[in-house]
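With chain A's structure known, arrange chain B on it following the hints.
In the order they appear, the protein sequences are chains A and B.
First residue of the first sequence: 134, per our numbering; consecutive thereafter.
First residue of the second sequence: -19, per our numbering; consecutive thereafter.
Since the hints were derived computationally from the structure, they do not count as laboratory data.
Positions of the beta carbon are idealized from the N, C-alpha and C atoms, including for glycine.
Where hints are given, some of them may not hold.
With a cut-off of at most 25 Å between alpha-carbon atoms, the simulated BS3-like pairs for lysine-lysine come out as follows [as the list claims (entries may be wrong)]:
hint, chain 1, residue 1, chain 2, residue 2
1, A, K159, B, K37
2, B, K37, B, K51
3, A, K239, B, K37
Calculated Cβ distances over 12 Å to all of chain B for the following chain A residues [stated by the list, open to error]:
hint, residue
4, S145
5, E150
6, L208
7, A215
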Amino acid sequence: SQQGEEDPQALSIQEGENATMNCSYKTSINNLQWYRQNSGRGLVHLILIRSNEREKHSGRLRVTLDTSKKSSSLLITASRAADTASYFCATASYSGAGSYQLTFGKGTKLSVIP
Amino acid sequence: DTGVSQDPRHKITKRGQNVTFRCDPISEHNRLYWYRQTLGQGPEFLTYFQNEAQLEKSRLLSDRFSAERPKGSFSTLEIQRTEQGDSAMYLCASGNTGYTFGSGTRLTVV
Chain A
134 SQQGEEDPQA LSIQEGENAT MNCSYKTSIN NLQWYRQNSG RGLVHLILIR
184 SNEREKHSGR LRVTLDTSKK SSSLLITASR AADTASYFCA TASYSGAGSY
234 QLTFGKGTKL SVIP
Chain B
-19 DTGVSQDPRH KITKRGQNVT FRCDPISEHN RLYWYRQTLG QGPEFLTYFQ
31 NEAQLEKSRL LSDRFSAERP KGSFSTLEIQ RTEQGDSAMY LCASGNTGYT
81 FGSGTRLTVV
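Next comes chain A alone, as it looks inside the complex (with noise of 0.2 Å):
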């Protein structure tokens, strides 16, 4: 099952604009993860937040959590044609036996348009 659910499930934007993506999850997680999947490709790491951290920046990239509403965003800013792609949260919690789940949703897909 797929806990978190991201929106919108498709932005476009123009070139130079700022993008942002929301995440909303539904139990407690130890933290919040984003990822990049350029079409047809694996999943590349972008960024992770912890559950007791409200914000974290990482070059064009800023992310919020709000534990509270179980919701979090992702902003990329001075978007780039290259920034297209699908854009997922997961979020990773520790379950029985020593397992640490992680559950993607189902993505944003963002086109930037040059």
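For chain B alone, coordinates are given in the frame of chain A:
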């Protein structure tokens, strides 16, 4: 090599045949995951290894699926008696907190 390797990249098989995929994780990573991804969907969890121990299996992993990670190094995922519904991208990931994914094996069952 600093990445996660998966082999083969593509596999076309006839329904009813068995297939096996291999994943070579980053050597110092204890955790290894297998996911399945169909078109337009996010990756769905299949199974998880902590070193050589298989700690969790999804309900998606029917008895036709089996995974191993001998000696806590590489891992294999075998699908027996393949069905058309098994057609998907099979992704392997390794890591300790943030995860590194391989490029996946795309399986097509005809």
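Here's how the hints hold up against the structure:
1. Taking the CA atoms of K159 of chain A and K37 of chain B, the gap is about 20 Å. The hint holds against a cut of 25 Å.
2. With a C-alpha separation of about 19 Å, the suggested pairing of K37 of chain B with K51 of chain B holds against the 25 Å cut-off.
3. Taking the CA atoms of K239 of chain A and K37 of chain B, the gap is about 20 Å. The hint holds against a cut of 25 Å.
4. Its beta-carbon lying about 16 Å from the closest one in chain B, S145 of chain A satisfies the requirement of being farther than 12 Å from that chain.
5. No beta-carbon of chain B comes within 12 Å of the beta-carbon of E150 of chain A; the shortest separation is about 24 Å.
6. The beta carbon of L208 of chain A is kept farther than 12 Å from every beta carbon of chain B, the shortest such distance being approximately 19 Å.
7. For A215 of chain A, the condition that its CB be more than 12 Å from all CB atoms of chain B holds, with the nearest at approximately 18 Å.
Taken one by one, the earlier hints all hold for this structure without exception.
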